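Here the protein sequences line up with chains A and B, keeping their order. Be aware that the first sequence starts at 1, since it is given in the UniProt record's numbering, and climbs by one per residue. Be aware that the second sequence starts at 1, since it is given in the UniProt record's numbering, and climbs by one per residue.
Please note that the accuracy of each hint is not assured.
Stated by the list, open to error - The calculated EDC-like cross-link candidates involving lysine to aspartate or glutamate, where the alpha carbons are at most 20 Å apart (straight line), are:
id : chain 1 : residue 1 : chain 2 : residue 2
1  : A       : Lys51     : A       : Glu65
2  : B       : Lys284    : B       : Glu370
3  : A       : Lys34     : B       : Glu8
4  : B       : Lys203    : B       : Asp69
5  : B       : Lys178    : B       : Glu232
6  : B       : Lys60     : A       : Glu14
7  : A       : Lys68     : A       : Glu232
8  : A       : Lys2      : B       : Asp47
9  : B       : Lys153    : B       : Asp172
10 : B       : Lys150    : A       : Asp246
11 : A       : Lys348    : B       : Asp246
12 : B       : Lys2      : A       : Glu65
13 : A       : Lys153    : B       : Asp246
14 : A       : Lys2      : B       : Glu65
Stated by the list, open to error - So the derived list for chain A, only partly shown, Cβ under 8 Å to chain B, looks like this:
id : residue
15 : Ala35
16 : Ala38
17 : Gly121
18 : Tyr165
19 : Ser220
As the list claims (entries may be wrong) - Computed beta-carbon distance windows for the label pairs:
id : chain 1 : residue 1 : chain 2 : residue 2 : range
20 : B       : Glu236    : A       : Pro390    : 53 to 61 Å
21 : B       : Ser343    : A       : Arg239    : 34 to 42 Å
22 : A       : Asp322    : B       : Val247    : 50 to 58 Å
23 : A       : Ser343    : B       : Lys235    : 39 to 47 Å
24 : B       : Asp184    : A       : Asn75     : 50 to 58 Å
25 : A       : Pro355    : B       : Glu236    : 34 to 42 Å
Source of the hints: derived by calculation from the structure; they are not laboratory data. This structure is a prediction, so every number in the text was calculated from the model and none was measured. Don't be surprised by glycine CBs; every beta carbon is placed ideally from N, CA and C.
Number of protein chains: 2
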Amino acid sequence: MKCGNGIEARQVNELFINVDPIQAGGRLTGDAIKAIIAYGDGYSVCDNCRKPNRLDCIAKPPIAEFHKDVAAWLNMDAARMMPGARRGFQAVAHTYVSKGNPVLLTSLSHYTEFLAVEGAGGVACEIPADSNHLVTPDAAAAKIEEVKQKFGKAPVLAIIDHVDYQYGNLHDFAGIAKVAHQYDVPVLYNGAYTVGTMPVDGKVIGADFIVGSGHKSMASPAPSGVLATTAERAKEVFRTTGITGDVTGRKFGIKEPELMGCTLMGATLVGMMASFPHVKERVKHFDKELVNNRIVMEALLSIEGTKILSEYPRKHTLTRVDTTGSFDRVAETHKKKGFYFSSALNDKGIFGLIPGATRIWKFNTYGMTEKQTRYLADAFVAVAQENGLPVK
Amino acid sequence: MKCGNGIEARQVNELFINVDPIQAGGRLTGDAIKAIIAYGDGYSVCDNCRKPNRLDCIAKPPIAEFHKDVAAWLNMDAARMMPGARRGFQAVAHTYVSKGNPVLLTSLSHYTEFLAVEGAGGVACEIPADSNHLVTPDAAAAKIEEVKQKFGKAPVLAIIDHVDYQYGNLHDFAGIAKVAHQYDVPVLYNGAYTVGTMPVDGKVIGADFIVGSGHKSMASPAPSGVLATTAERAKEVFRTTGITGDVTGRKFGIKEPELMGCTLMGATLVGMMASFPHVKERVKHFDKELVNNRIVMEALLSIEGTKILSEYPRKHTLTRVDTTGSFDRVAETHKKKGFYFSSALNDKGIFGLIPGATRIWKFNTYGMTEKQTRYLADAFVAVAQENGLPVK
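All chains, please: the whole structure from these sequences, using the hints.
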């Protein structure tokens, strides 16, 4: 099917098992598909916008209720929807970081966190991960001390990924937040890979801010995301506008400058809302995801020379693999070179590996059924065997 | 139909003639509806993202080509898609405005322009509109002189709406830009009501930046928009990241910090792309829109006591009306008070007027067929007659 203007209808998630690392948690639910069709038109959720004229106050569709539900679900006091997690980082960085201020990130931080710091004029100070690719509270403490030496003050903000995008490792966020708070550093919890896939309790983990991604982990269309915070910090990051027109004397009510006023006025927001009951339910079953993931892990490890670079056993479904000692050896002599690997998997109905990559690559089993994981596990082994690689 | 989580399927644009002032240009095309269904899932357009790993470089779907097409269509040198026009204002303001800098707006500027100035720490300096609610080049020159007196320097940026949101008046953007350039002030053209509905030629009008809204005027889902600029200014507002990780030495390639990297990774972008051929065609027929609009205007003016507050004859379909001398007189004694008016129109299949408003209100006939405008015209007259108001 054509959608006009050279766009072929996408059927990746209908025809394939999709193991793309960033796409697993963003597949829409059936309810979200219905909702985005019904609310596709521009400002579709604004039909019943009344004073005070702000997106999160609209009663029908139940946007105001949804905002309260999301905040409660994360055990935070206030939440706003954002056009992507990155816009949450940006809002918080812009509120707390001034030119030259040190900001605590990690050696595994996502690039959007760096861009948020850059935009605010801050200086990125990475907590180094250890040799197991884990960021520890001790390393955080050491880095804060180093920052204090260098800048004469503690970082003004810490942005810490609970699960990082490189290894999918689960870092001790609560421990790091505790250390940061000892230095009065507010901490942003980057839950791009956790909010919507795993249970997240903001108070228990000690987050000042929780950022989640709708299109990455909340079964929602792009761009969408959430920024939640405490009552104390809401006054700062969700402060209302103070600017005035010098001629008209106009003021702009309760609009929030860090959000640029309203954020998601249509399809993206109703997509998040429609998927939310399903998302709330699915986070309770993350243990099942790990059981399924293990089926694939064991198959990969049965292929001699394959290494799991992520922590093992896995605590998240996003995983980094090193097949330099297995699949890459085939690439040396295969007529398709490294492309044989993704090509063979595609032929078996598996999508989402970077074409040509046979050394270090990532995949994500989130949301797959047990049957699909068994199929994927068998497929990896079959591709190994078809290419003469020894399997234990 | 229910879409889950308390969301009722919206059918406003299927069951009603919708004259909501901000919704007229944002209704999806059939192609856009197909596209958002096919690309609803999270990061759906990223299947074929390859180095240099940036949204506007993706070849399939033809995102890179679309970006070039949009820039050429606006007669600008570079374009990026943004999560709403407001994020375009924000990117430009953040690039050019520092704390305390004066920024030229107008007494009819949209609140999101004020928020962009506020976010950058700037001071809003409004060019006053004249008694006809028009912003003139002379008034712009006088304001710049006033700013120079007060701040010791010219404004660092001007943000000028070609068509304002209050009256839908068409201001002399080219004349104002010419004046601003005499003082070396870069000028942002706010085309939220024009890009996608009327022809816009950036070079002819002398814009340094053109901002358009996808969900307001380009038949696209929210949040979406465009920021286009000249080759010279692209180096500034679309500059690439310069931040480095202090431990890892990581750099982040060609990601653009004012965009926070990639912007619209799925449904919103393909919605814009699929509607684009239709949007390019429809802007050529804006004259037809004004002919249709005039049918409604004449009907309203035939109701004694009704005033058109916008410039007349109309140059845009968004119009501000004063019915204090007509429909509001009925509200004084009607059992439904002011709600009788929108209620009577709803009963006739017309949607989009603020319930209760009978004094000053806005509506937009953009996109209506001649038959629909005749129906709307007759409906206004009928409601007047049914309530005993004299009609000429």
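Each hint tested on the structure:
1. A:Lys51 / A:Glu65: 16 Å, holds
2. B:Lys284 / B:Glu370: Distance of about 17 Å is within 20 Å: holds.
3. A:Lys34 / B:Glu8: Roughly 10 Å between the alpha carbons, so the hint for A:Lys34 and B:Glu8 holds.
4. B:Lys203 / B:Asp69: Cα-Cα ~16 Å, so holds.
5. B:Lys178 / B:Glu232: 18 Å, holds
6. B:Lys60 / A:Glu14: At roughly 18 Å apart (the allowed maximum being 20 Å), A:Glu14 and B:Lys60 satisfy the hint.
7. A:Lys68 / A:Glu232: Holds, at about 16 Å.
8. A:Lys2 / B:Asp47: Cα-Cα ~17 Å, so holds.
9. B:Lys153 / B:Asp172: 24 Å, violated
10. B:Lys150 / A:Asp246: Status holds; Cα separation ~12 Å.
11. A:Lys348 / B:Asp246: It is violated: about 43 Å lies between the C-alpha atoms, which goes past 20 Å.
12. B:Lys2 / A:Glu65: With Cα atoms ~17 Å apart, B:Lys2 and A:Glu65 stay inside 20 Å; holds.
13. A:Lys153 / B:Asp246: Judged against 20 Å, a Cα distance of about 17 Å means the pair holds.
14. A:Lys2 / B:Glu65: 17 Å, holds
15. Ala35: This interface hint holds because 4 Å falls under the 8 Å limit.
16. Ala38: Given a least distance of 4 Å, the restraint on A:Ala38 holds.
17. Gly121: 10 Å, violated
18. Tyr165: 12 Å, violated
19. Ser220: A:Ser220 check passes; min Cβ-Cβ to chain B is 7 Å, inside 8 Å.
20. B:Glu236 / A:Pro390: 53 to 61 Å: Once the Cβ atoms are compared, 57 Å apart, the range 53 to 61 Å for A:Pro390 and B:Glu236 holds.
21. B:Ser343 / A:Arg239: 34 to 42 Å: 38 Å, holds
22. A:Asp322 / B:Val247: 50 to 58 Å: 22 Å, violated
23. A:Ser343 / B:Lys235: 39 to 47 Å: For B:Lys235 against A:Ser343, whose Cβ atoms are near 40 Å apart, the range 39 to 47 Å holds.
24. B:Asp184 / A:Asn75: 50 to 58 Å: Taking Cβ atoms as reference, B:Asp184 and A:Asn75 lie about 52 Å apart, which means the hint holds.
25. A:Pro355 / B:Glu236: 34 to 42 Å: 36 Å, holds
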